[in-house]
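Trainee: Please model the complete structure; the sequences and the hints are all you need to start from.
Number of protein chains: 2
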Amino acid sequence: MNLEDLILVSVDDHVIEPPDMFDGRVPAKYKDKAPRMIQREDGASAWVYEGAEITNVALNAVAGRPKEELGIEPTSLAELRPGCYDINARVKDMDANGVLGSMGFPSFVRFCGQVFMKTADKDQAQALVRAYNDWHIESWAGAYPGRFIPLALPMMWDAEATAKEVRRVAEKGCHAVTFSSNPYALGLPSLYTDYWDPMLKACADTGTVVCMHLGSSSQSPGTSPDAPIEVTYSLSPINLFEAAADIVWSPMLRKFPNLKVALSEGGTGWVPYFLERIDYIYQHTRPWTHTDLGGGRLPSQIFSEHVILCFIDDAVGIETRGHLNIDNITWECDYPHSDSTWPHSPETVIKYLGHLPDDEVDKITHRNAMKHFQYDPFSRVPRDQATVGALRRQAAGWDISLKPRAVQRERSSAHWLDIAKI
Amino acid sequence: MNLEDLILVSVDDHVIEPPDMFDGRVPAKYKDKAPRMIQREDGASAWVYEGAEITNVALNAVAGRPKEELGIEPTSLAELRPGCYDINARVKDMDANGVLGSMGFPSFVRFCGQVFMKTADKDQAQALVRAYNDWHIESWAGAYPGRFIPLALPMMWDAEATAKEVRRVAEKGCHAVTFSSNPYALGLPSLYTDYWDPMLKACADTGTVVCMHLGSSSQSPGTSPDAPIEVTYSLSPINLFEAAADIVWSPMLRKFPNLKVALSEGGTGWVPYFLERIDYIYQHTRPWTHTDLGGGRLPSQIFSEHVILCFIDDAVGIETRGHLNIDNITWECDYPHSDSTWPHSPETVIKYLGHLPDDEVDKITHRNAMKHFQYDPFSRVPRDQATVGALRRQAAGWDISLKPRAVQRERSSAHWLDIAKI
Chain A
1 MNLEDLILVS VDDHVIEPPD MFDGRVPAKY KDKAPRMIQR EDGASAWVYE
51 GAEITNVALN AVAGRPKEEL GIEPTSLAEL RPGCYDINAR VKDMDANGVL
101 GSMGFPSFVR FCGQVFMKTA DKDQAQALVR AYNDWHIESW AGAYPGRFIP
151 LALPMMWDAE ATAKEVRRVA EKGCHAVTFS SNPYALGLPS LYTDYWDPML
201 KACADTGTVV CMHLGSSSQS PGTSPDAPIE VTYSLSPINL FEAAADIVWS
251 PMLRKFPNLK VALSEGGTGW VPYFLERIDY IYQHTRPWTH TDLGGGRLPS
301 QIFSEHVILC FIDDAVGIET RGHLNIDNIT WECDYPHSDS TWPHSPETVI
351 KYLGHLPDDE VDKITHRNAM KHFQYDPFSR VPRDQATVGA LRRQAAGWDI
401 SLKPRAVQRE RSSAHWLDIA KI
Chain B
1001 MNLEDLILVS VDDHVIEPPD MFDGRVPAKY KDKAPRMIQR EDGASAWVYE
1051 GAEITNVALN AVAGRPKEEL GIEPTSLAEL RPGCYDINAR VKDMDANGVL
1101 GSMGFPSFVR FCGQVFMKTA DKDQAQALVR AYNDWHIESW AGAYPGRFIP
1151 LALPMMWDAE ATAKEVRRVA EKGCHAVTFS SNPYALGLPS LYTDYWDPML
1201 KACADTGTVV CMHLGSSSQS PGTSPDAPIE VTYSLSPINL FEAAADIVWS
1251 PMLRKFPNLK VALSEGGTGW VPYFLERIDY IYQHTRPWTH TDLGGGRLPS
1301 QIFSEHVILC FIDDAVGIET RGHLNIDNIT WECDYPHSDS TWPHSPETVI
1351 KYLGHLPDDE VDKITHRNAM KHFQYDPFSR VPRDQATVGA LRRQAAGWDI
1401 SLKPRAVQRE RSSAHWLDIA KI
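In the order they appear, the protein sequences are chains A and B. What the first sequence shows, in our numbering, is residues 1 to 422, in sequence order. What the second sequence shows, in our numbering, is residues 1001 to 1422, in sequence order.
It is worth saying that the hints were derived from the structure and are not from the lab. Worth double-checking, as some hints may not be accurate.
A few chain B residues that face chain A, going by a derived Cβ cut-off under 10 Å, partial list only [to be verified]:
id	residue
1	R1036
2	I1038
3	I1238
4	A1243
Straight-line distance between alpha carbons at most 16 Å, and here's what the computed EDC-like set of lysine to aspartate or glutamate pairs gives [unchecked claim]:
id	chain 1	residue 1	chain 2	residue 2
5	B	K1033	B	E1050
6	A	K351	B	E1276
7	A	K31	A	D5
8	B	K1351	A	E276
9	A	K33	A	E160
10	B	K1031	B	E1050
To be clear about the criterion: a stretch of chain B counts as covered by chain A if any three or more of its residues have a C-beta under 8 Å from a C-beta of chain A, and this derived list gives those stretches [what the hints assert, rightly or not]:
id	stretch
11	1162-1176
12	1211-1224
13	1246-1254
14	1268-1282
15	1319-1325
The C-beta atom is built at its ideal place from N, Cα and C for all residues, glycine as well.
Mentor: Here is the structure:
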């Protein structure tokens, strides 16, 4: 496989919500209740909701910034590459990176909409989640047909309402829903209860993938308060290691045999070890715990059938893919977060996948994502226009050079600052 | 390599302390303060110390028990295989399993002697730790020269006293000390402080390996209270994943460049992924965190040089050993815990290692352990008498059949119950 011929679909990027996203989408009675963005005197952008200011509007949205300036979190939309929040600029950034398709996780509302969980008026909270999803499906993913995989927010406080929402958005072509990697950690019933059954059933019925993103338990792993930030980064996979255990040992997959779960930004290199371990545990404990996973199957088989993995930059996972289900490995770009390989994703991908058979490369880079998320880009973008080479040619001249924060602020003013002053 | 020719040294087994261990080893003034074992009316054995009863004397000491009876923790010494607590029977069990050498972690005092941490009279606590170590070195490991690697307890509440103890036991030929995988979790200073420097310096000076065993942080990983026991087992490597991060990112190895740390019962299959990840983090964060690990080295290189891994039953770790330092991989039997491969360890080892070059097999099975722990069995046991084949021939007729708890209790009475009634 040549770099130019790759077709890249990223199952994990991040939407930085623009200030006008709720305009015209909220029922009249809740119009004044919708989150609104303010530009503070200290220069920070903030969303205001229910009296609280959410200043991490653009936390970690650092694509295009020199590495020396990372760690200084963006405080203002004006300091971001427009591709973070502007769909037209986003598509250009995707083109320049040779990326055909993208699924975008939410930002200021948190990974599974935690921001709406404490709203006392549940009807209001539901209306806002629906408005968010409509904006995401129609104005974000819908702006460029064939270029985006839509992703819906759940209503974490209400599994029945979420079930209804999952069915509603599925009608609009959305087949992915964000969820928490550990609802118990959010103060909600665990996956060992029946509480989530209506939602899981709606997902199974509509072929909607339950996406658990790193960090969606709202818990940050650590060892001691004086440990440096590198420790937190080193331990970040732990949350999804825990989620993987719950997915296997909880009854959810026995209740809903068609269900698919994605471990978003979960990596792949730890999975062969995990699979070996869970089988060892099952064989050693089953005689006395009497746990029966059903169908005479091993936990590794159940995991491999139902769980979608993804890969940013992970040589070990590719090397040991013989232990994984090649039909469930996908790729992600993580734009615009600091782990992203943008704008050199094709060069990274070819480094790890270049020596694989074309069929395996195609599965990992796009065919698996297309199948699991019911995403059909080629009906809109002819296949020969969808390759890295074709997309990059289309973006010739688009500026992808690194921009220090101050320079970006200067440049953004023309593009964006008028809208941000609201 | 043939199974018969393997030479097996296990760097992680478990000593179940016998009731007479403190006899004649405690200074007169603390004689009445030493832990003592009682046989309760409900049939349980318990250690009594400072008014508290420790009933998990033999937690998980299930070697030789049918799998159906696991989970029913032993409550009495009489229900254990005598090899758990009796050194003569232990050596026979090792022979029958083809195991030449063994390092034994403590049981009722917990992995790093947590039981003595709360003792108000610190002089008393020190005297008891010294008595424990003397017993372990002289009566346990010393009973069969050439067959055991001694391992000392620290005095976790006092790094200076531990330094002195490390030097004292090194004089007696003991070059391993147990430690916590996260001292901060025990309410003590973290590895990011200078507090442990005296102890770490003593270890570096004497070539003593700091052994962090799974569970030595006294924290049990989990996701929710209603998750089954399989989840806890699945997540047990997390503690050592955390310890690995602290070892790499803390200043301990820069301060003491000769220091060696063992991740006891840590496994190997997750390490290649971990190493890839920490290098990625270092390269991505260094421009703004300004962390400098020194010597122009990558975190993976530092880890691989200083950290000793061990292997029970781990195909993935062996398959990906090209990412590991072959000189720091060791083997463990985990007798008499439920994860142990006893009495079929050679059959497990040959399954995973049989296809490796003899030199690699020898390093993993015994030569690395000999080097790191300054253990020289062949001066006592000629090499041709040290193989699986030779040891098993020596144990011909030794009963290794599975024994239900009730049968074991019956059989033990002759051997042991008279001593246990104290």
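Trainee: Please flag the earlier hints that this structure goes against, numbers listed from lowest up.
Mentor: Structure breaks hints 1, 2, 7, 9 and 11.
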